[in-house]
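Protein chains: 4
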Amino acid sequence: MAEPAPLSEEEQTALVTSDDPHHPANLICELCRNFYTLGWVTGTGGGISIKQDDNIYIAPSGVQKERLSPQDMFVLSHSTNTYLRTPTPLKPSACTPLFLAAYAKGAGACIHTHSHWAVLVTLISRGKSVFRIANTEMIKGIPWPSRKKYYGFHDTLEIPIIENTAKEEDLRESLEKAIQDYPDTSAVLVRRHGVYVWGDTVWKAKTQAECYDYLFQLAVEMTKLGLDPAGPIEPVTES
Amino acid sequence: MAEPAPLSEEEQTALVTSDDPHHPANLICELCRNFYTLGWVTGTGGGISIKQDDNIYIAPSGVQKERLSPQDMFVLSHSTNTYLRTPTPLKPSACTPLFLAAYAKGAGACIHTHSHWAVLVTLISRGKSVFRIANTEMIKGIPWPSRKKYYGFHDTLEIPIIENTAKEEDLRESLEKAIQDYPDTSAVLVRRHGVYVWGDTVWKAKTQAECYDYLFQLAVEMTKLGLDPAGPIEPVTES
Amino acid sequence: MAEPAPLSEEEQTALVTSDDPHHPANLICELCRNFYTLGWVTGTGGGISIKQDDNIYIAPSGVQKERLSPQDMFVLSHSTNTYLRTPTPLKPSACTPLFLAAYAKGAGACIHTHSHWAVLVTLISRGKSVFRIANTEMIKGIPWPSRKKYYGFHDTLEIPIIENTAKEEDLRESLEKAIQDYPDTSAVLVRRHGVYVWGDTVWKAKTQAECYDYLFQLAVEMTKLGLDPAGPIEPVTES
Amino acid sequence: MAEPAPLSEEEQTALVTSDDPHHPANLICELCRNFYTLGWVTGTGGGISIKQDDNIYIAPSGVQKERLSPQDMFVLSHSTNTYLRTPTPLKPSACTPLFLAAYAKGAGACIHTHSHWAVLVTLISRGKSVFRIANTEMIKGIPWPSRKKYYGFHDTLEIPIIENTAKEEDLRESLEKAIQDYPDTSAVLVRRHGVYVWGDTVWKAKTQAECYDYLFQLAVEMTKLGLDPAGPIEPVTES
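Protein chains in written order, with this note's numbering: chain W, 1159 to 1397; chain U, 1159 to 1397; chain C, 1159 to 1397; chain R, 1159 to 1397.
So here's chain W without its partners, still in its complex pose (with noise of 0.2 Å):
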């Protein structure tokens, strides 16, 4: 495919600036100081990318996430991958490769985080690629693709572990394999380093970031109070 002529300085701005609080650019500024409060993407770690029509919006690597602005924003064609954007002297997000393989599951918004929550269920599950939780009304959050609904009350929902790998880029045939295996997930976890979600639209992505990192500190909770995230429900004996 032939590249498109390069946008002028006034066409990249114009990409990231915008009076709309829902612009991509603005959105992820906003979801960001959202997301570190939670403290998901503390020491610079995690992030955060949104899918406009054509146009793949990232937030920088190595920077403050919770003091971004939408000048920051790296903005990438999905047709043709390549960089409409690259602010000066930021770094591209060594994210970019694993975010893509969400939006060629068709997603419209992807979030990383480095949550305590979700690497701690990733060493409760010793010894196992999958992390198992069932009965929980949160589970109700998550979409089941493939039967066309959400996951109900007493579905066992399973997220796929993935192994760490040295360079974060190099995640990429391990989630993409992951997803692959689980083709109904919405989230692929990585051992002793967070977790990976998309969803339809950001807001779906941020509604399941949320019922996911819930789910993880139940587990974890459920974990110290010696009972199994992903035990049957005990009958009722006594009042």
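Rather than coming from a laboratory, the hints here were simulated on the basis of the structure. Keep in mind it's a predicted model, so treat the numbers as computed, not measured. Treat the hints with care, since some could be wrong.
Intra- or inter-copy, both count: the list cannot distinguish identical chains.
Here are the simulated PhoX-like cross-link-like pairs (lysine-lysine), alpha carbons at most 25 Å apart as the crow flies [what the hints assert, rightly or not]:
1) LYS1362 / LYS1286
2) LYS1286 / LYS1382
3) LYS1286 / LYS1306
4) LYS1307 / LYS1286
5) LYS1325 / LYS1362
6) LYS1263 / LYS1307
7) LYS1286 / LYS1249
With chain W's structure known, arrange chains U, C and R on it following the hints.
Positioned in the frame of chain W, the structure of chains U, C and R alone reads:
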């Protein structure tokens, strides 16, 4: 009862438009932001409803609770049980039948949270249909209607636990039975799901929701430390 | 002592009206918002009082502590022990007699929290009427009046624990006895209830409340990890 | 070296007066508010310093860290080791000698926190003069100067732990020895006290402080779950 003539669009908008920050449509937005930071309504979970005269205001289903605007509110007539306002394209809260069960008891507002503490308390109450806590100052924030007073420090507070159902609206029957069995309760826990709390006014409902959540957290932390939340006060044997 | 002529409504309003953010009526509102986010005063629990000259400012009972306005403040004359301002229809704080006990000791401000950490610390101090912690940097924030210095890193800090009573005002006698038995203390824990902390000024009271709460949290976390908060420093045996 | 003529009051004020939010005097105030909500600097504990050219800006001792104003800042000349500005009646930070030890290593900013996680990590490292953690993504946020790169996922990060002293300034000698023994470290833990973290710039110092705190929390939570923070990655044996 004959249904009233439907409201015009102007009349519907007027229902949720006010400069008064204490107007139910405004207050629900503000309280939901508060509840989001408390972890009660993440992932679009949870809900809140306020009754003013005959009008019941209810936050919609499946939306970012910390980003509500007054225009998002459903309004239901209590006397006719018909919607006065159904903001397109939002969906009414699945909690609505549960909120109505509280209003049938004379409540002025109802709060539903997915707080981890509420869920964990139903899990440490293994095999039991009631959660008990005693000898705690914060119990004093909970009303005891049949005695026309509040619970006292030495009283044992009992909160019924009902089993969760696949669909939220199907909880109504067991919630009503729990209210019947525990006529003094202002909260019902739902196993592996959360809690419904109501009060005479929105402020009483909020206060009670905070007191209950405080007590749930205390009970979970006591359990982690090997202490029984409903146990007796130990005698002082050394200084 | 002859009671002074009651203040006019204008004079009463003037007592709590000021543009100075450090005016007690303003500061109480701001600090209560701060304390709410710390989890110290949820469910309308807890309280705060500041003394300026002869006037004692006290937040009312049973209100949303994070939503106070200066007009909500009670003002009490220290010298005459009569209310200069009783904002209708609010109720004076049940903590008032306890605050007065601190003012009798020369305090300039008093803070009462229901912090979970305070309550849990009284529960891990099973059967004891004192909580002890030693060898912790943050102990240095606590004054030791009889020695005209602050506690040192190697000192053991002792905070008396009194037993809770059915009515908050009935705590006064045992609180006064605890102050008598521990003349250097600037805090008294109340079992299964919370803590009272006071200081020479509002800022010292706030600092000390934060230091105590920090120490309580540390002690609870140490206990969860099998460590004794009052234990000795272990020798270093390996690098 | 001859001491420079002292600055006039106007010159001293000019040192801390700027409209630029990134001016050290402004940034220290903003970051301290951030650190307060993270629980790093409650009870007037902790501290921060930023070096700009030859000027070292330091937050004062014993003040509410979340309520600092630029006028509260001390300014020290690095080259002459004399104060350019000593705002009456504030006291210089007891951390100053420790900050200077970091500046002697070439740091551009230094952060001292009393985070519970830092203190707890020194307590779970019983009898050891070093804390170790391995196989964790967030290790990648920590620079490894002698190798001119950052730590990698599979590396074991070692952070020296020094013993606390009665007076904060007396830590300098052992802090300097720790820096000598661990020439690559950008943090020193102080047992039962907290942590000192520094970086080439204020943003690097903040990023590293957040990464370290994240790792400390993870290590404490792993210990609660019976896992070894420095342990190997377990092989996957089941899906």
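Structure-based check of each hint:
Taking identical chains as interchangeable, the C-alpha atoms of LYS1362 and LYS1286 are never at most 25 Å apart, the minima being 28 Å within one chain and 36 Å between chains. For the homomeric pair LYS1286 and LYS1382, the shortest alpha-carbon distances inside one copy (19 Å) and between copies (20 Å) are both at most 25 Å. In the homo-oligomer, the alpha carbons of LYS1286 and LYS1306 never lie at most 25 Å apart, since the shortest distance is 28 Å inside one protomer and 36 Å across protomers. Within a single copy, LYS1307 and LYS1286 get their C-alpha atoms no closer than 27 Å, and across copies no closer than 32 Å, so neither meets the 25 Å cut-off.
For the identical chains of this complex, LYS1325 and LYS1362 are inter-copy neighbours only, at 20 Å across copies versus 28 Å inside a copy, given an alpha-carbon limit of 25 Å. Within a single copy, LYS1263 and LYS1307 get their C-alpha atoms as close as 17 Å, which meets the 25 Å cut-off; across copies the closest is 35 Å, which misses it. Taking the shortest alpha-carbon separations for LYS1286 and LYS1249, neither the intra-copy value of 34 Å nor the inter-copy value of 39 Å comes in at or below 25 Å.
Violated hints, listed in ascending order, are 1, 3, 4, 7; each of the other numbered hints is respected by the structure.
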